[in-house]
Amino acid sequence: MIVGRNLKIALAALAVAVVIGLLSLRGLHGRVQRLAQLQTTEEQARRAVLAPPISTPTDVRVQAKIFWAAGADKVAPVVVELPLSADPVQRSKQVLQELMTNPPTPDQRTLPADALLLSFYILPDGTAIADFSDALASETPSGILSETMAVNSIARTLESNVSGLHRLKILIHGQEVDTLAGHADLSGFFDLNPLSAAPTHP
Amino acid sequence: MRRQIRQLSYEGAEHSRLFPAARRAISAILCAVRKTFWRAILPIAVAAGVLVAWASARTPLQDASSQQVSPDQTAPPAAPAPPSPPAYSGPVIVLNPAHGGTDPGARGENGLAEKDVVLEYAQVVRATLEAAGYRVLMTRSDDSNPSYDDRDAMANAHHDAIFISLHVASTGTIGTVRTYYYQFWTPFPAAASAPQTPAGVAPPPATLEEWDEAQRPYTDRSRLLADLMQAQLAQSFSGSPAASAGVEVRELRSVAAPAIAIEISSVAVPDENVLKAFDSQLSACIARTLEAFRPANAGETK
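As they're listed, the protein sequences go chains H and B. The first sequence runs 1 to 202 under this note's numbering. The second sequence runs 1 to 302 under this note's numbering.
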């Protein structure tokens, strides 16, 4: 009789503990979600300060081709409708900003989330100079494959959306560097629109 | 006068008292020397001379007897010949295990470092190629980190070299392998206003190659080597692409010889032994590729 009573008490205590655990788990899950939202908000806030959206009077919504990762070893275009400027420098900044900030899924990201485009120039001979923050070099995974995908996503995105570009030079924080992360050679240039004839110097 | 004679005779008498004593001392010394010579030195000298004569007469006899083999004796079994140095042939293979020292290259979550894996790969590949008769050099054989130019200079020091760089990726499907050759950007045409060689001044020799673009004249041969290599790798490592890729890999740029980079995926492997087990397949693929490449490369060396 006494044993049966003790068993009932133990079962009741166990049931209460399970209910409390479930409630705690639900609360914990909600807290994790709120934390993730907070991080996204912080990243958006940081970008809003350091790399605000670029808009110009000549912006027109067009179908842009942005090259993100398609599988483990190649990049492929994704068509995105974007307001793009008629000015090639502003247009280049707009498509590169889209490339860095809005990959469709995290797995399709080719450039580090913290990387920023510091400045962008186009020389009269069609050489595009893209100056990125240190994060591009320090946070790109080391390897020929990963570094090549990063460079290809930049080069293919530029040549698909901005006309008149013939080659690309990548700088890190205003400096020419030997490699991106130990492999991809950044001391030279990258061909853009390689099938088109290279221009002659003025 | 008499007095003078007396004086002289007195001095002569003094001398006569001194000389006999000296003569006795000298004669005693000479006597001791003679005795010592006849009793000790002479017998020792004679014995030594006999011994030297016997020894000098015996040595050639022994040599002659050792060379003679009597007809009823069988020849002793021949001692094993010392290993002859391998007969090196063909090009010099320069293996480049990438990174090293403070540069670990790609790093896995389990602490696996690209620099360690590629060094082990290079040692296995070296043994395989040397067994096949190649002369193999390595840009590093320990945890050092030579500069890109130092690595390239090892290949450029030989008139017939092939440069093979080994890498492990951070990304990519595990167990797949890719081969790369250096794809240069398209040079702009020379500007019309570029400085021309003055009349009467000989242009620089055409054989000089610019160090920073030393690979440019070898791009086609490097591409051929990379295609052959990738064809072999695609058969052994399923899921690998069928063709090589032309990219700008820094360490290949200044090599004045056929040069490729091979990259295996990846350091993200859960067990590092899986990655290390690829070494025999990799070395076999490289050996087969070099055999296929040699006829195509023959006659086009520097």
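A few of these clues could be false.
[Unchecked claim] If the Cβ cut is set under 10 angstroms, some of the chain B residues that face chain H in the computed set are:
1) Ala106
2) Val168
3) Thr186
4) Val247
Since the hints were derived computationally from the structure, they do not count as laboratory data. Note that beta-carbon positions come from the ideal geometry of N, C-alpha and C, so glycine has one too.
So, going through the hints one by one against the coordinates:
1. Ala106: At 5 angstroms from the nearest chain H Cβ, alanine 106 of chain B passes the 10 angstroms test, so the hint holds.
2. Val168: With a minimum Cβ separation of about 8 angstroms from chain H (threshold 10 angstroms), the hint on valine 168 of chain B holds.
3. Thr186: holds (5 angstroms)
4. Val247: holds (5 angstroms)
In the structure shown, no violation is registered for any of the earlier numbered hints.
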